[in-house]
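Protein chains in written order, with the numbering used here: chain U, 1 to 129; chain H, 1 to 278.
Everything labelled a hint here was simulated from the structure, so no lab data went into it.
Values in this document were obtained by computation on a predicted structure and should not be read as measured data.
Wrong hints could be hidden among the right ones.
[What the hints assert, rightly or not] Simulated restraints on C-beta separations:
(1) U:S58 x H:T146: 52 to 58 Å
(2) H:L39 x U:F71: 32 to 38 Å
(3) U:F53 x H:G167: 23 to 29 Å
(4) U:L121 x H:L8: 22 to 28 Å
(5) H:S129 x U:L121: 36 to 42 Å
(6) H:G276 x U:F71: 31 to 37 Å
[Stated by the list, open to error] Okay, the calculated bits of chain U under chain H, using three or more residues with CB under 8 Å as the criterion:
(7) 30-42
(8) 59-65
(9) 84-98
(10) 102-114
(11) 117-127
The beta carbon of each residue, even a glycine, is placed where N, CA and C say it ideally should be.
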Amino acid sequence: MTSNQSRVSDDAVEQLIGRLLQIGVLIAAAITLVGGTLLLIQHGRSPVDYSTFRGEPSYLRSLSGIVAAAFQRDTRAIVQLGLAFLIATPIARVAFTLVAFALQRDRVYVGVTLLVLALLLFGLLFGIA
Amino acid sequence: MTVLTLALFVVAGSFGAGLLGALTGLGGGIVVVPMLTLLFHVDLRYAVGASLVSVIATSSGAAAAYVREGFTNVRVGVLLEVATTVGALIGAALAGFTPTSALAVLFGVVLLYTAIRSLRPRVEHAVLSTPDDWSTRFRLDSDYPTPHGRQPYSVRHVPAGFGIMFGAGVLSALLGIGSGILKVLAMDQVMGLPFKVSTTTSNFMIGVTAAASAGVYLHRGYIDPAIAFPVMLGVLGGALLGARILTRANPQWLRRIFTVIVVVMAIEMLYKGFTGSL
């Protein structure tokens, strides 16, 4: 494969990935919008004060807790689900890019992309203690 | 203030930030945190969490359009993402120990630097030079479309660019910004990439960098749904509208407005940082 052909297929793959990413953002925004509207209907009149940091309750801080509470129709959890989905879209992009490099048998970039993906998953799944 | 009134104010302010950010090309993320902390008295940690989420939304939302133009250098982007994600994870770890006043001062400095860069005219440089060993090893040299056909370019000073990207990652996590200006500086000025390739590749990297620290902040309880959702939807809506009307707007005039806002916020952040009143 000449370098020219490989670049053209790079572009085509990236276009497809870019589209998928936009769809991901739209899905995330839709979940957040629905959850946010329900949240305002339910809690809209409560007073708020964000000037002191309390941190979120633990069920809104882990992926499993968010999913479980969202299915219980907790409106905050539905918003959080949309936000977590959004955080996952760039990670999905890196995963798709990894597949694209693997199909091109580009070992160096499979390694580089794998490293980026590992760093991202580490942050999302475990946080930093 | 109630949840509803705060959400309405925040969605309006964020929409304006996203719109101006897209129209001026400077990104709206940089003004979201000062707006939330200075205007709405939101704690810096909640503000940083909400801002990072909106940075991911605009970066990922714009990605397809940029890639279609054929400017993004995916290899350069992925290679430098190693530096920005490591920087972002370290920045997120540091955020827990850094006093709020120090972050406010740092934010003020970054805002001032943004204002200065936005006023300086951009100079196109020669794009063909001798690539360094790293560029050859990682096959970073590429070409990009111009009116006269595809123009090849070479990449140099990869280790220096890598180092600046690490710093961009740390700043992104600490301040909840995309660090686009620093990323473009590294690629355009240091690594010798063409300006258009630098800006689109920077956008490609911003979402990935922000996702690294946003994941950590989700676990640490910095991302509050009631404050993050109006910020994210507002900035995204503003940025999408901005991208649509971009060709009809007068960027010179808007850039000046944006610069004034940024300078005012910088002074306020520096003042609050030095007096410890944030």
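Structure-based check of each hint:
no., hint, result
1, U:S58 x H:T146: 52 to 58 Å, "54 Å, holds"
2, H:L39 x U:F71: 32 to 38 Å, "36 Å, holds"
3, U:F53 x H:G167: 23 to 29 Å, "26 Å, holds"
4, U:L121 x H:L8: 22 to 28 Å, "36 Å, violated"
5, H:S129 x U:L121: 36 to 42 Å, "37 Å, holds"
6, H:G276 x U:F71: 31 to 37 Å, "44 Å, violated"
7, 30-42, "holds (count 6)"
8, 59-65, "holds (count 3)"
9, 84-98, "holds (count 10)"
10, 102-114, "holds (count 4)"
11, 117-127, "holds (count 8)"
Going through the hint list in order, the structure does not satisfy hints 4, 6.
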